[in-house]
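Enquirer: Dock chain Z against chain A, hints included.
Those protein sequences? They're chains A and Z, same order as listed. So the first sequence is numbered by my numbering: it starts at 1 and just counts up by one. So the second sequence is numbered by my numbering: it starts at 1 and just counts up by one.
Bear in mind the hints are in silico, worked out from the structure with no lab data behind them. Computed from a predicted model, the values in this text were never measured in an experiment. Every residue gets a Cβ at the ideal spot worked out from N, C-alpha and C, and that includes glycine. Hints are supplied without guarantee of correctness; some may be wrong.
[What the hints assert, rightly or not] Pulled from the structure, derived: some chain A residues nowhere near chain Z, Cβ distances all over 10 Å:
(1) Val-111
(2) Gly-162
(3) Glu-191
(4) Lys-269
(5) Ser-344
(6) Glu-376
[Unchecked claim] Quick partial rundown of chain A residues pointing at chain Z, CB under 7 Å, derived from the structure:
(7) Gly-16
(8) Cys-29
(9) Ser-154
(10) Tyr-196
(11) Phe-283
(12) Asp-285
(13) Asp-361
[Unchecked claim] Derived EDC-like pairs: lysine to aspartate or glutamate, alpha-carbon spacing no greater than 20 Å straight-line:
(14) Z:Lys-181 <-> A:Glu-72
(15) Z:Lys-317 <-> A:Glu-320
(16) A:Lys-27 <-> A:Glu-164
(17) Z:Lys-27 <-> Z:Glu-208
(18) A:Lys-316 <-> Z:Asp-250
(19) Z:Lys-126 <-> A:Glu-356
(20) A:Lys-185 <-> Z:Glu-320
(21) A:Lys-317 <-> Z:Glu-108
(22) Z:Lys-165 <-> Z:Glu-35
(23) A:Lys-68 <-> A:Glu-120
(24) A:Lys-138 <-> Z:Glu-191
(25) A:Lys-269 <-> A:Glu-371
(26) A:Lys-139 <-> Z:Glu-22
(27) A:Lys-276 <-> Z:Glu-108
(28) Z:Lys-321 <-> A:Glu-320
Protein chains: 2
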Amino acid sequence: MVTVQEARKLIHENCGSSKIEEIPLIKSCGLVLAEEVYAPIDTPPFDQSAMDGYAFSFDDWDKHADFKVTGEVQAGNYLSQELIPNQAVRIFTGAALPMGTDTVVMQEKVVLNDSYIRVEDDKIIKGSNVRLRASQTKKDTVVLNKNHLLTPASISFLAGIGIEKVKIFSPPTISIIVTGKELIKPGQAIEDGKIYESNSFGLIAALEQLNITPVSVDWVDDDEEQIRKIISNWLQSDILILTGGVSVGDYDFVSSALEKCGVKKIFHKVKQKPGKPFYFGKFKDTLVFGLPGNPASVLTCFYEYVVNAVSSFTLKKYYEKLMMPLANSYTKKPGLTYFLKGISNSENVSILPHQESYMMDSYAQANCLIELEEGEENFSQGEIVPVLKFI
Amino acid sequence: MVTVQEARKLIHENCGSSKIEEIPLIKSCGLVLAEEVYAPIDTPPFDQSAMDGYAFSFDDWDKHADFKVTGEVQAGNYLSQELIPNQAVRIFTGAALPMGTDTVVMQEKVVLNDSYIRVEDDKIIKGSNVRLRASQTKKDTVVLNKNHLLTPASISFLAGIGIEKVKIFSPPTISIIVTGKELIKPGQAIEDGKIYESNSFGLIAALEQLNITPVSVDWVDDDEEQIRKIISNWLQSDILILTGGVSVGDYDFVSSALEKCGVKKIFHKVKQKPGKPFYFGKFKDTLVFGLPGNPASVLTCFYEYVVNAVSSFTLKKYYEKLMMPLANSYTKKPGLTYFLKGISNSENVSILPHQESYMMDSYAQANCLIELEEGEENFSQGEIVPVLKFI
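So that you can see chain A by itself, here it is in the shape it has in the complex (with noise of 0.2 Å):
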């Protein structure tokens, strides 16, 4: 049996193998950059005007003559026509400069005579209302970091620039197998000494407010051939969760099945409660969660081990741990850390309510969970704890 801390640690010590793949860019919202990226062109990748107006050139502008317009310029046009002195030309905001400008003066500020304005503008300065080339970016610079997080605003950006496939952390590839010869489906009749099925249904939400869908998912009976038949199927993915038989019962058979498919055991056990009999192991590069079957063990041993684990191939980090103070007091045995469903507002963190493992009306109203440290016995209220906010 290990404490949570020694838990962490071998998870993350066996953790560790991100891979990086290339992606379309529409696709990468949420997930990390693996590499710098550079800036494929200019942007803007010409002088544009900001405004709509009149563009011409401010060092050969003749205060005392009007400018004769000689064409327009739309966005997305181009005039390849150069400008002498004394021209201008009709700009839209988003349009390139003709060669030979390098000012726009805004529409309202001019005084428009047949072909010809007159500028009336007392602030106007050289390059006024012109967006320069490379003001954003300059081409071939580095304009995102490896390990940025892709945003809304990063994808535009990165759109914007031209870019349309980026390299990421990959997610790994996940895959559930849920245990247990007393479960049945949701919907169907309630039978004797049968419950419903819960476990896919948290593990599923869970990941894919993750952004992640499993590979697979598939239910087995509590009998080790099968259940070591189904784990073979599976040992390819990255990460291997199974829920339930992970105890010393007569029908718990997720170890010994483990052990036969040549799964490596880290260790077995951890002094915690909830989800004391979590397994962890590695088979090749595979990480494989045996989590305990109550439905409570399961989410708390998913957000406080699992998803540090999905972290590690994605770089990304999902939840916050803060500190907090208790609204309440709390007795606990010594011996375990405790993991208890809270709710937690700007100003302390409550604990809910019918902790127990089986229970999970609290957990549906729970945003957080809150570690209570092994060693010690009673908190006090207002004592500070670690919270893992989920919400």
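Expert: Same frame as chain A, but now just chain Z:
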């Protein structure tokens, strides 16, 4: 031209036609319950052992005699035989207690002698190691309230009481129309006068973070007739988002095309930077947002306005608005509300460089928008300002 406060109020007043839909529980993560959920069964559905051990009747226990073990009940099985005094059954975690039993002794606390056991447990009381029927939920009582946000734990809880479908507030259907003659797709070679289209990328990613996939994305030239046709294709969506062409230039056809489609303008132009030409209108129940085409304006109007409209459908709060002290002083022009790209930490919020509406490199680094009030000009370091956190 309306103020930011007026724009918010007008959008709020014109929203509110949330729709209710029944969907599979497994698809409901992150959505909000549209009705109370009643427990269809007691849970646990029977008195259940919390341990591997032996079940017996506490009141009939003769402490001077051993129990005869007359059977075994594995989780998922059911023993219909009723026990009599001096009989016990082998029982496993999660299994139903046979009739005539009410207490479980852990297997570690018995002395086993052939088919007899002697209980050696000082602390055992009536009901020890038993999860009573209905101790989590009682049949026909409310177990989750209307407006409850469905989390992985809520979903696991509901599955565990046998629920497989839930009524939720439906996310809106959203169509995107990107306008602009100057736009080419990322991945293609850049051409004179053209820029890369990025707004569909930013919007699709921002919607993905709200768990919404747009029902359509169209690209259209600055041509009133074409814009009108595409608008009329998608006026049955709950929300229609257009980008670009919403100003008053010679080639800005969005507001006239909307008018020709029968969309009623609610407001056009907001006293804000970026995004001054922002348009909001309505066609029957369809909300129509015309976002100015610069990519920073698009995302800022999305975060500040469109997200609230989405919330009016889903009843979900997506992003937090906090009050935070400025890390740096800032001077702006009075008369417009400024929304500035910022980075917040636990202490304060910093204003990033490159605030122009065509600059996305800074937005890519931002985790929030800082709101600076319309009337004010000078903001000092430490001044408390509203901050919309989107990461």
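Enquirer: Evaluate each hint against the coordinates.
Expert: Quick rundown of the hints versus the structure:
Every beta carbon of chain Z lies more than 10 Å from that of Val-111 of chain A, the smallest distance being close to 18 Å; the non-interface claim holds. Listed as outside the interface, Gly-162 of chain A is inconsistent with that label: its C-beta sits roughly 5 Å from the nearest C-beta of chain Z, within the 10 Å cut-off. At roughly 8 Å, the least C-beta separation between Glu-191 of chain A and chain Z is not larger than 10 Å, which violates its mark as non-interface. With a least CB separation of 14 Å from chain Z, Lys-269 of chain A remains clear of the 10 Å interface cut-off, as annotated.
The beta carbon of Ser-344 of chain A is kept farther than 10 Å from every beta carbon of chain Z, the shortest such distance being approximately 14 Å. Non-interface call for Glu-376 of chain A relative to chain Z: holds, since the shortest CB-CB distance, roughly 22 Å, exceeds 10 Å. For Gly-16 of chain A, the interface hint is violated, since its Cβ never comes within 7 Å of a Cβ in chain Z; the closest pair sits about 25 Å apart. Given hint, Cys-29 of chain A at the interface with chain Z, holds; its Cβ is 4 Å from that chain's nearest Cβ, closer than 7 Å.
At its closest, the beta carbon of Ser-154 of chain A sits 4 Å from a beta carbon of chain Z; the interface hint therefore holds under the 7 Å criterion. Nearest Cβ of chain Z to the Cβ of Tyr-196 of chain A: about 5 Å, under the 7 Å cut. The hint holds. Taken as an interface hint, Phe-283 of chain A does not check out: its beta carbon lies about 26 Å from the nearest beta carbon of chain Z, beyond 7 Å. The criterion of a C-beta within 7 Å of any C-beta in chain Z is not met by Asp-285 of chain A, whose closest approach is roughly 26 Å, and the hint is violated.
Of the supplied interface hints, the one on Asp-361 of chain A holds, with its beta-carbon coming within about 6 Å of a beta-carbon of chain Z, less than 7 Å. A distance of roughly 15 Å separates the Cα atoms of Lys-181 of chain Z and Glu-72 of chain A; the hinted pair therefore holds under the 20 Å criterion. Using a Cα cut-off of 20 Å, the hinted pair Lys-317 of chain Z and Glu-320 of chain A holds, with the two alpha carbons roughly 19 Å apart. Between the alpha carbons of Lys-27 of chain A and Glu-164 of chain A the distance comes to roughly 10 Å, so the proposed pair stays at or under 20 Å and holds.
Of the supplied pair hints, the one linking Lys-27 of chain Z and Glu-208 of chain Z holds, its CA atoms being roughly 15 Å apart against a limit of 20 Å. As the CA atoms of Lys-316 of chain A and Asp-250 of chain Z are separated by approximately 46 Å, the hinted pair breaks the 20 Å bound. Distance hint between Lys-126 of chain Z and Glu-356 of chain A is fulfilled; the C-alpha atoms sit about 18 Å from each other, no more than 20 Å. Our distance criterion of 20 Å between C-alpha atoms is broken by Lys-185 of chain A and Glu-320 of chain Z, whose separation comes to about 37 Å.
Simply put, Lys-317 of chain A and Glu-108 of chain Z have alpha-carbon atoms about 42 Å apart, too far for the 20 Å limit, and the pair is violated. This hinted pair checks out: Lys-165 of chain Z and Glu-35 of chain Z have alpha carbons roughly 12 Å apart, not beyond 20 Å. A C-alpha spacing of about 15 Å is found between Lys-68 of chain A and Glu-120 of chain A, which places the hinted pair at or below 20 Å, so the restraint holds. This hinted pair checks out: Lys-138 of chain A and Glu-191 of chain Z have alpha carbons roughly 17 Å apart, not beyond 20 Å.
Between Lys-269 of chain A and Glu-371 of chain A the alpha-carbon distance is near 18 Å, which keeps this suggested pair within the 20 Å criterion. A C-alpha spacing of about 51 Å is found between Lys-139 of chain A and Glu-22 of chain Z, which places the hinted pair above 20 Å, so the restraint is violated. At most 20 Å may separate the alpha-carbon atoms for a hinted pair to count; Lys-276 of chain A and Glu-108 of chain Z meet this at roughly 16 Å. For the hint pairing Lys-321 of chain Z with Glu-320 of chain A, the CA-to-CA distance comes to about 18 Å; that is within 20 Å, so the pair holds.
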